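Chemist: Generate the whole structure from the sequences, applying the supplied hints.
There are 2 protein chains.
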Amino acid sequence: MVRAAPDTHGEILAAAARQFTVTGYRGTSLQDIAREVGCSKATVLYHFANKEALLAELMAPAIDVLRSLDDQLNGLTGAAAQEVAAQGFVDLAVRFRREIAVLRGEFPELLCQPAFAHIQQISDRLRDALAGHSDRPGARIAALVLLAGISEACAEFVDIPDDELRPALLTLARRAVEPVDAPLPHPPTTEDKDS
Amino acid sequence: MVRAAPDTHGEILAAAARQFTVTGYRGTSLQDIAREVGCSKATVLYHFANKEALLAELMAPAIDVLRSLDDQLNGLTGAAAQEVAAQGFVDLAVRFRREIAVLRGEFPELLCQPAFAHIQQISDRLRDALAGHSDRPGARIAALVLLAGISEACAEFVDIPDDELRPALLTLARRAVEPVDAPLPHPPTTEDKDS
DNA sequence: CCCCAGTCTGACCGATCGGTCAGGGTCTGA
DNA sequence: TCAGACCCTGACCGATCGGTCAGACTGGGG
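Quick mapping for you: the protein sequence lines, in order, are chains A and B. Taking my numbering, the leading residue of the first sequence gets -13, the next gets one more, and so forth. Taking my numbering, the leading residue of the second sequence gets -13, the next gets one more, and so forth.
There is no bait here: all hints are sound.
Because identical chains cannot be distinguished in the list, a pair is counted as satisfied if it fits within a single copy or across any two copies.
Straight-line Cα separation of at most 25 Å, SDA-like style, residue types lysine to any residue; simulated pairs:
(1) 27 with 13
(2) 37 with 92
(3) 37 with 104
(4) 37 with 15
(5) 37 with 12
Hints were generated in silico from the structure; no laboratory data involved. Because the structure is a prediction, the values reported are computed rather than measured.
Modeler: Set out below in structure tokens:
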């Protein structure tokens, strides 16, 4: 044991997560992060190639889950796609509230960065699934309102425990989604992860 | 007539509105705005005291309408408050899509500026009204999801005409809002502005 | 004619940004 | 004891930001 094992890398990551959620990505300087950790700005840039790499490492777990949700959605249509999309996204948003809060608002600019190249397309497909792959404006609008609103709610209600937030959002999503004629294989009263 | 009456002030305002909607308030520099207008940065700062004053003048009409909606909400309770809040906010968001898009994401930072001092409290009251002044987490969550989602949808669906977007959002809002036991004085099938 | 108010500009300012770099400490294994 | 990997830092860089300022240009009224 060498006295508390510094783990500066992890501390920087944690400090960045805190600051990004409060002041946003652009609104947080490397200097701010270094100050909270108690090291120099150069140290931050020793552990991370650049500011973008810091963000990318912070977002990686959430992005992995988003990608796997995208895989689950592949091939599903109609009401089944809507239900899986609603459950999957609510679960993701609640679990990764902090990451959602970071991306909030700076989505368009952040998506330009190579680390987040495919996020836009994935979230487009997610929105499309939530709309039951329908072309009706009402369905498309409802899907967008839900995705954006759920994200915002997760970022805002940090004081509400997961187990309370998740069912409330899921109930809301099911109520708000524009119903599509294709029936579900079985009633979605319990959680069903795989098809 | 003195050849086309420059109206630099208005041109700067219009250019700022365009750029703010695309790259955000912080993401747009005075240089960018000046370049689009075809004047110098110093000219921008001759017509507007500072960057914040430019934003304030841009937002003034939307804020006026928001304030009058806040007045309408005063004293209403239960389902009546929910209905007026839903109608009022959907109408406001659709009409002022551009302004909504500007504020999107930079809300927390922008609210610190003196010009937007009371916006936070007004939007809190609006959210509370949309929740029917209920304390139930479900109602509060639904209200936040709706407000955030509707804002985002208005900023995103710029290509959809007002007359199509407004009823779709209103239908969605009525479907998604957590019902409150207090009944409406009369069914809200037609628009009713005043009590 | 001059004067003045309105409009506009280039040059400049201090602050801050993300990022680089040479070098100093410290620990470890040969 | 020494080499080298690892960790960290102060000093510095160019770019860009919002904002200031002295002065140039213009048109109209006395």
